[in-house]
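Student: Sequence:
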Amino acid sequence: MNWQGINEFLAVVDRGSFTQAAKVLDVSTSHISRSVSQLESRLGVALLKRTTRSLNLTEAGQQYAASLHSIQSAMEEANLALQGEQQEPKGKIKISCAGDFASKQIAPKLAQFCQRYSQVSITMDFNNRNVDLIAEGVDLAIRFGRMADSNLIARPLSTRVMTLVASPEYLARFPAPSHPEQLIEHNCLIAVTNRWRFNMGDNIKEFKVAGRWRSNNGEALLQACLSGLGIAHLAYDIVGDYIESGKLVSLLDSYQVADNASWLVYPNRDLMPLRVRLLIDFLIEEFKSR
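If you read the sequence shown in this note's numbering, its first letter stands for residue 35, the second for the next number, and so on.
Because the hints were derived from the structure by calculation, they are not lab data.
Hints may be right or wrong, so weigh each one.
Stated by the list, open to error - Simulated crosslink set (DSS-like; lysine-lysine; CA at most 30 Å straight-line):
| id | residue 1 | residue 2 |
| --- | --- | --- |
| 1 | 138 | 281 |
| 2 | 128 | 138 |
| 3 | 281 | 242 |
| 4 | 322 | 126 |
| 5 | 143 | 322 |
| 6 | 124 | 138 |
| 7 | 128 | 322 |
| 8 | 281 | 239 |
| 9 | 83 | 128 |
| 10 | 126 | 57 |
| 11 | 57 | 124 |
| 12 | 57 | 128 |
| 13 | 124 | 143 |
| 14 | 57 | 83 |
| 15 | 128 | 143 |
| 16 | 126 | 143 |
| 17 | 126 | 138 |
| 18 | 322 | 138 |
| 19 | 126 | 83 |
Stated by the list, open to error - Label-pair distances were calculated between CB atoms; the ranges are:
| id | residue 1 | residue 2 | range |
| --- | --- | --- | --- |
| 20 | 188 | 280 | 35 to 45 Å |
| 21 | 71 | 311 | 37 to 47 Å |
| 22 | 80 | 213 | 51 to 61 Å |
| 23 | 244 | 72 | 50 to 60 Å |
| 24 | 244 | 68 | 45 to 55 Å |
| 25 | 235 | 94 | 45 to 55 Å |
As the structure is a prediction and not an experimental result, all values here were calculated from the model.
Using N, Cα and C, we set each Cβ at its ideal position, and we do this for glycine too.
Construct the entire structure; sequences and hints are all you get.
Tutor: Okay, here's the thing in structure tokens:
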């Protein structure tokens, strides 16, 4: 098999540009461009869509990159096994995550893992995209909410109870709702979705809310809520201390659902590096009582 251009192509996929790929491989940008073009010519298919402002994978490029990443992982596993990784795990682990749970609870655990295994390095990529783990070379992802069916393995780390909160200042101006239907009368601070779920006894029902503040960052929502701007729907582990101190007031407690969880998600691979298997087991063990 002719492997020419494959490393260059994967570097472009992983780094998102010819320039960054050239820096990683310590070659010229023209070399990267030429190698990828020659690879496309041999395959007879376009792998990348090039414009003056953007660089994107074609559908064929996405499929090819996913296959190559799987091969790359298998080869890396075989090499590390021969080099003795079974005795001492080594190498890089890339994790996709977002939110306060990842930064405040997952990150300290990852630091402990790195202290335990000195030859393992970890990259935490914070973003709110639902990334393609295989295509983008991501080993693990931390996700929150109800998991949709997929070809990924999802293991629960921690159940997170949602809590509706507002500041005393806001409630002094607007009467507290006594039923989820009354949320339509309030300025709701919206995160990812404007459909909030509540327990209605026999079933769980979604209520559409609206408001003048929207953010995909939990800290931004919390600060807006503390300032008296409106009502927020956040996980209790984010707002619990503020409720206890009286800076926030919990609302509609009897309607809250308890089926939201933070998940550890990873591809279903026959060959998984030891370092990744050890990290999965480590995180599951650390959060098993939550």
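Student: So which of those numbered hints doesn't the model satisfy?
Tutor: Result: no hint breaks.
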